[in-house]
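Novice: These protein sequence lines map, in sequence, to chains B and G.
As numbered in the numbering used here, the first sequence has no gaps in its residue numbers, which increase by one up to the final residue, 116.
As numbered in the numbering used here, the second sequence has no gaps in its residue numbers, which increase by one up to the final residue, 231.
Note that these hints are calculated values from the structure, not bench results.
No experiment lies behind these values; they were computed from the predicted model shown.
Note that beta-carbon positions come from the ideal geometry of N, C-alpha and C, so glycine has one too.
Hints are not guaranteed to be accurate.
[To be verified] In silico PhoX-like cross-links for lysine-lysine, where the CA-CA straight-line distance does not exceed 25 Å: (1) B:K57 <-> G:K173; (2) G:K133 <-> G:K173; (3) G:K218 <-> G:K187; (4) B:K83 <-> G:K187; (5) B:K78 <-> B:K42; (6) G:K173 <-> G:K218; (7) B:K57 <-> B:K42; (8) B:K42 <-> B:K83; (9) B:K78 <-> G:K218; (10) G:K218 <-> B:K42; (11) G:K173 <-> G:K187; (12) B:K57 <-> B:K78.
[To be verified] According to the in silico footprint, chain G covers these stretches of chain B (three or more CB under 8 Å from chain G): (13) 65-73; (14) 103-115.
[Unchecked claim] Computed far set for chain G versus chain B, every beta-carbon distance over 10 Å: (15) S123; (16) I128; (17) P145; (18) S147; (19) N148; (20) V161; (21) S162; (22) N171; (23) R177; (24) Y178; (25) S190; (26) D200; (27) I205; (28) L219; (29) F221; (30) V229.
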Amino acid sequence: EPEVTQTPSHQVTQMGQEVILRCVPISNHLYFYWYRQILGQKVEFLVSFYNNEISEKSEIFDDQFSVERPDGSNFTLKIRSTKLEDSAMYFCASSEAQGGLRDTQYFGPGTRLTVL
Amino acid sequence: KNQVEQSPQSLIILEGKNCTLQCNYTVSPFSNLRWYKQDTGRGPVSLTIMTFSENTKSNGRYTATLDADTKQSSLHITASQLSDSASYICVVTPRPTDSWGKLQFGAGTQVVVTP
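Isolated chain B (complex conformation) (with noise of 0.2 Å):
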């Protein structure tokens, strides 16, 4: 069964040093988010992207995220300049559609961001 993988499975990084989580979608889904969860707390949307845009983010994607879909497989998100705060498990997830049956949302396994 086609699943989403995402790499790295845990990123370590020091505090102001720009991290890039990857993600590879189900091959036939089109729409792409990204998705965090702090230790202990609930999901939190980020930021949804369709047809290589944007097509909405919560107020937590500030400028210093941003989202890319390089090439026809990778969808990675890129986080400039980390902070403490941002130590989270990143989930990646993909769609084949938005709205009714179809809009079921694959979720990745996860990276561990841990900033130190």
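Based on the hints, put chain G in the right spot on chain B.
Specialist: Quick look at chain G alone, frame taken from chain B:
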């Protein structure tokens, strides 16, 4: 403002027993409501999906119910197994169309099944 509230926060049950988890939401209008299972350190996996016109949906030993009038949903786990130990998250997809992707997550109910 948290638009999806779940209870209880955590739950310990004996293997083989049944349990019911609750979800109250204020997201309105909404497109659909899902229950996800999240194993520790993993991404959420969809268990059930219900549109606003559906009352119940089953997936094996998992049965979800929805009352759109009272804005309540429940997830019933029958004959629990050790592998059911996980966080169960209620997720609401809002309408209108500019919020399709912006899922509203509950905080989850942590279920621990003991032998």
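Novice: Against which earlier hints does the structure fall short, listed by number upward?
Specialist: Violated hints (numbers, rising): 1, 4, 13, 18, 19, 20, 21, 27, 28, 29; every other hint is consistent with the structure.
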